[in-house]
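There are 4 protein chains.
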Amino acid sequence: MIVVLKSNVPEEKKEQLTEWLKEMGLGVHVSNGSYHTVLGLIGDTSRLDMDLIASLDIVESVKRVSETFKCCSRMFHPEDTEIRIGDAKIGNGSFVLIAGPCSVETEEQIVETARAVKASGAHLLRGGAFKPRTSPYDFQGLHEKGIELLKTARKETGLPIVTEIMSRADLPLFEDIDVLQVGARNMQNFDLLKELGHFGKPVLLKRGLANTLKELLMSAEYILANGNGNVILCERGIRTFSDYLRNTLDLSAVPMLHELTHLPVVVDPSHATGISRMVPPMALAAAACGADGIMVEVHNDPLHAKCDGAQSLRPEEFDALAKKIRAVREAIK
Amino acid sequence: MIVVLKSNVPEEKKEQLTEWLKEMGLGVHVSNGSYHTVLGLIGDTSRLDMDLIASLDIVESVKRVSETFKCCSRMFHPEDTEIRIGDAKIGNGSFVLIAGPCSVETEEQIVETARAVKASGAHLLRGGAFKPRTSPYDFQGLHEKGIELLKTARKETGLPIVTEIMSRADLPLFEDIDVLQVGARNMQNFDLLKELGHFGKPVLLKRGLANTLKELLMSAEYILANGNGNVILCERGIRTFSDYLRNTLDLSAVPMLHELTHLPVVVDPSHATGISRMVPPMALAAAACGADGIMVEVHNDPLHAKCDGAQSLRPEEFDALAKKIRAVREAIK
Amino acid sequence: MIVVLKSNVPEEKKEQLTEWLKEMGLGVHVSNGSYHTVLGLIGDTSRLDMDLIASLDIVESVKRVSETFKCCSRMFHPEDTEIRIGDAKIGNGSFVLIAGPCSVETEEQIVETARAVKASGAHLLRGGAFKPRTSPYDFQGLHEKGIELLKTARKETGLPIVTEIMSRADLPLFEDIDVLQVGARNMQNFDLLKELGHFGKPVLLKRGLANTLKELLMSAEYILANGNGNVILCERGIRTFSDYLRNTLDLSAVPMLHELTHLPVVVDPSHATGISRMVPPMALAAAACGADGIMVEVHNDPLHAKCDGAQSLRPEEFDALAKKIRAVREAIK
Amino acid sequence: MIVVLKSNVPEEKKEQLTEWLKEMGLGVHVSNGSYHTVLGLIGDTSRLDMDLIASLDIVESVKRVSETFKCCSRMFHPEDTEIRIGDAKIGNGSFVLIAGPCSVETEEQIVETARAVKASGAHLLRGGAFKPRTSPYDFQGLHEKGIELLKTARKETGLPIVTEIMSRADLPLFEDIDVLQVGARNMQNFDLLKELGHFGKPVLLKRGLANTLKELLMSAEYILANGNGNVILCERGIRTFSDYLRNTLDLSAVPMLHELTHLPVVVDPSHATGISRMVPPMALAAAACGADGIMVEVHNDPLHAKCDGAQSLRPEEFDALAKKIRAVREAIK
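Chains as they are written, first to last, in this note's numbering: chain A, 1 to 333; chain B, 1001 to 1333; chain C, 2001 to 2333; chain D, 3001 to 3333.
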């Protein structure tokens, strides 16, 4: 950690601060510049309250040097993580297509959609049984029944399933689920994240609406530090001033996350845009900038969907998109 | 709900849409403008998927007219809600000062701070026992032990206590707590909100970092619709591009929420700014624009606080602030 | 325009408003819903102050129906605009590569870079002679000398030139420039925009850091309405809470602008990211989602660039990128 | 400037960088930490391209220590600046009320409004003659005629006048204006700022919609460094995701700017909120957090205003507000 002092700080105050830091067990390396004095702190600064030091009246600014997300960091684990789910592989060069309806509604709906997306090349089936909804009056999912229907669809098609977990109290229902999704609104539900660390199954962790990449990695760190290294990160749009789409898809997060971490990164263009005709161009863009996978909503009858019909592709639209995604992957090799 | 169609839509397509809407049990009132046709939908549109209709290729835009947060809305409940907690009253003209440390650390710390803030006029004591932290490696609170220490401080001073709940699994520990706080990161933890509706105790609900006022009210609606009308809303800063403070305190939310809802609104300038010397001016500003209360962090020894020392006032600073807040309240009468 | 009244508005107040609107020359179509009354205004509402009406105490909300950017709107001009600059074409299926240094520094630098980018397939040469800089102490460009050097490079390579105009007072120097660029900070310098309408030469208009797509189109409208239809829109990153890159590239603006307007849309991944190694993935993403061109910074010696060296590609990096862009264009056909 | 190198950088690469920095005339102070090497650069780093160094593959991060806005900085000028305009004083403890209509419309309107606001205690009269409008089809102000009417109102009331300048080409019309306002959209119109430095008259500089405080100070620096120290800063709301008001008033900018600079800071709650009934609470909040003045829109007949009627106070509303502002100023002394 580097502490920059303001100019004209009395020697006595400098010494007080230096002494206090030494009491905390740190080495302090003083460097006097033309305007400012800089303190370089040596040792384990991870428990030091950076904001507290920054608020002292003799301090200009503070900068942490060592990253605090050690399990996720590429600095300590240079090789890409590859996650295997059934026959599917994600990361380290392997690309996945995850597709399916926003929420599971009926057996016919989920099985029919699963068959269609499998035929188009999808590797995993998505579908919500527990739905976080802004309004208490909106459809909240089929819960246990939805989980059962997903398993039926898996049995019929062989596709592993991805579905959202909203509360650790529901974990017993997820024993036989392949990938547990943590939604954007729960990205910092730390209690849930810790439990998923112990639970051990692969987790697809969505970035929160207003979370930085560092915060996303810190949330992943809660899972990894509790023993579960199978985490897939997901960019799904952030909240900005821009008002023409539901969210702003932050695609540059993809190459940036690849620098910062060894975990795979997928993109969800359906929630990012909220409009089905915007999904194909943004899915292609995600593939072009190096995403390890795409998760899209596909529904066999969007006009009668119980939620998010507006952003769901029809099976034939997904089929055309899947072909183009493969072509783009080829083009950027 | 109002549906505006694009210009030059073929009659046939208009009729298809109108028929479909009628099938959903709605009355449809057609109005032909110079460029556009407007459909006014009459009846219960609360289950209609607005985004889906907006995505149809013949639709220009959709506008919902009736609010969907009926329990919170001032439209249906014009009178201010007043919440009583022990001797303290919040809302409907009553102003509260809530003060105390970020987290409970020791008996000495919490009792000493409680005595100090009471002497300065605080009505409630705050203090965290469960701390949501971005990093898994940071101090997470004393949990059960912290709850016990808060009760000790209440016994010593008579101040009711406010403390944060992070998971419904911890609810049994909160049976004897006066106000349960829901933190910004859990504002859309709908599972927790529903349980707090059933639990019945007063809830202090913080606005999420990137949530609109409508979303805040929808989250309050989860609590009210499940039977608990004792909800205090809290503005605590939002996330914006602005980089000189931790968050941007959105004070105009105070008069705006007073228009939209009958629930009381308090402001937390400590988390909004993150720097103790910014707390007094922003607390005074909050009082001046009509907040029903202020919640500030006060610590008897900020330099050795386990968290958020940077934003904690010393007791004597809080005392001076409390006096000025009373003067500002007087000035705006 | 649609005006939604609050519930329980007295008849008398409704009539007052209706009378006032009729006085403004509008037809008023009243529709009574279960909770609200809706007024549909018929006629030319373009001069009506929407905010004023929205602020009346009996009004719930107001919605404008007809777009106000008539020259830019695809609604009134369904066909794509194609802009010709020398041999280059932009829009209506034609894709351009615009490349060159951030600022013109020396004859050797600009000519060498121009030759390199031409060899790699660039259609236009970019280079700044007038540089808007946040700090008054930073390098501000070579001004007239820079314009001359750009012309030299054009003569040597045949590439048309794009360069930024900051003030209408400088227009005489731009008589022989092929495309005048308006930077993000000047997107709402309306005085300059009007002059560019009269000037008549093709304009590359960058989206402001915090401007909506509607505002971008309104700024284009200033140019078109003053007689100049040769406007190229440019997405170059917006300002959000996200802090790991200089800006957030908003690629979904590309397909959305293609819906809203007939004007071509190019993307500048260099300013959006600010880091040269992020430029290739984001350029490929832009091509994949349908941009009509890419504008990238290329410098023959980035380490010694006078500005923006950090985001400049070396010529060999640009060459590799150009090949991949062509492959991606092929893949999405 | 401080340059933090990545871990495990080969000695040879460190030396290359050190040599290059020395060639630029800087002293380099090397400090080896447990994980990282830190280079402290001594000398004039103001011309060094921080982004370029940050982009080198051996560099972890770069931090500038000395501020680059030297004329504005409180570090170099600890005393508050007080600006005198006629009898009015702004800053250094003096508070001003600036009031008047959004735009000048008729002699009757501006003179009547001027008389009213003077009677309520306003120190300066505001009114726009040149209006920046998003749409080319909206009312753009009376231009020269408007300037004349402002002078008439000044003659009638003795109030100095504040009015907006949009282009340096219009400067001759502003020879006899007391304070020239630079609007939010022109905050980085550097060409105009430089001219205002030479022009010498007091400038009221509004913060841009998405500009940081540092950028605001840098823009002020353009004026000060060109010889004009009479700059008043103005917070008028920023653009965020929040959608219930036109902008988000960032009041914490007031105490923060007071730390960073010696220049006075006023607040414009009219443009920040866009709704007249939100203006009084936010004006009081601005006074409570230490602003040096308030600028509000007042119109003698808001319902017939040519622009911004929605946010204009009536004279009697302004009178009541002015009284309360004085009471709040008293309360916080």
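There could be a bad hint or two in this list.
Unchecked claim - Beyond 12 Å from chain A on every Cβ pair, some chain C residues (computed): (1) Asn-2008; (2) Asp-2080; (3) Asn-2092; (4) Glu-2175; (5) Lys-2214; (6) Asp-2243; (7) Leu-2245; (8) Thr-2273.
To be verified - Ranges of calculated distance between the beta carbons of each label pair, as one might list FRET restraints: (9) Glu-2330(C) to Lys-3013(D): 46 to 56 Å; (10) Arg-326(A) to Ser-3061(D): 55 to 65 Å; (11) Lys-70(A) to Lys-1013(B): 53 to 63 Å; (12) Ser-2007(C) to Asp-3080(D): 34 to 44 Å; (13) Phe-3076(D) to Glu-2330(C): 56 to 66 Å.
In case anyone wonders, no lab produced these hints; they're calculated from the structure. All C-beta atoms, glycine included, are put in the ideal place defined by N, C-alpha and C.
Verification of the hints:
1. Even its closest Cβ contact with chain A, about 23 Å, leaves Asn-2008(C) beyond 12 Å, as expected for a residue assigned away from the interface.
2. At roughly 16 Å from the closest C-beta of chain A, the C-beta of Asp-2080(C) stays outside 12 Å, upholding its exclusion from the interface.
3. Listed as outside the interface, Asn-2092(C) is consistent with that label: its C-beta sits roughly 17 Å from the nearest C-beta of chain A, beyond the 12 Å cut-off.
4. Listed as outside the interface, Glu-2175(C) is consistent with that label: its C-beta sits roughly 37 Å from the nearest C-beta of chain A, beyond the 12 Å cut-off.
5. Annotated as non-interface, Lys-2214(C) brings its C-beta within 12 Å of a C-beta of chain A; the closest such distance is 8 Å.
6. Listed as outside the interface, Asp-2243(C) is inconsistent with that label: its C-beta sits roughly 6 Å from the nearest C-beta of chain A, within the 12 Å cut-off.
7. At the 12 Å boundary, the C-beta of Leu-2245(C) falls inside the reach of chain A, the nearest C-beta of that chain being 6 Å off.
8. Once the 12 Å rule is applied to beta carbons, Thr-2273(C) is inconsistent with being away from chain A; the minimum gap is 6 Å.
9. Between Glu-2330(C) and Lys-3013(D) the beta carbon distance is about 39 Å. The supplied range of 46 to 56 Å is therefore violated.
10. Between Arg-326(A) and Ser-3061(D) the beta carbons are some 38 Å apart, a value that contradicts the proposed interval 55 to 65 Å.
11. Checking the proposed 53 to 63 Å range against Lys-70(A) and Lys-1013(B) shows it holds: the Cβ atoms sit about 58 Å from each other.
12. In this structure, Ser-2007(C) and Asp-3080(D) break the distance hint of 34 to 44 Å, their C-beta atoms being roughly 51 Å apart.
13. In this structure, Phe-3076(D) and Glu-2330(C) meet the distance hint of 56 to 66 Å, their C-beta atoms being roughly 58 Å apart.
Hints 5, 6, 7, 8, 9, 10, 12 from the earlier list are contradicted by this structure; the remaining hints agree with it.
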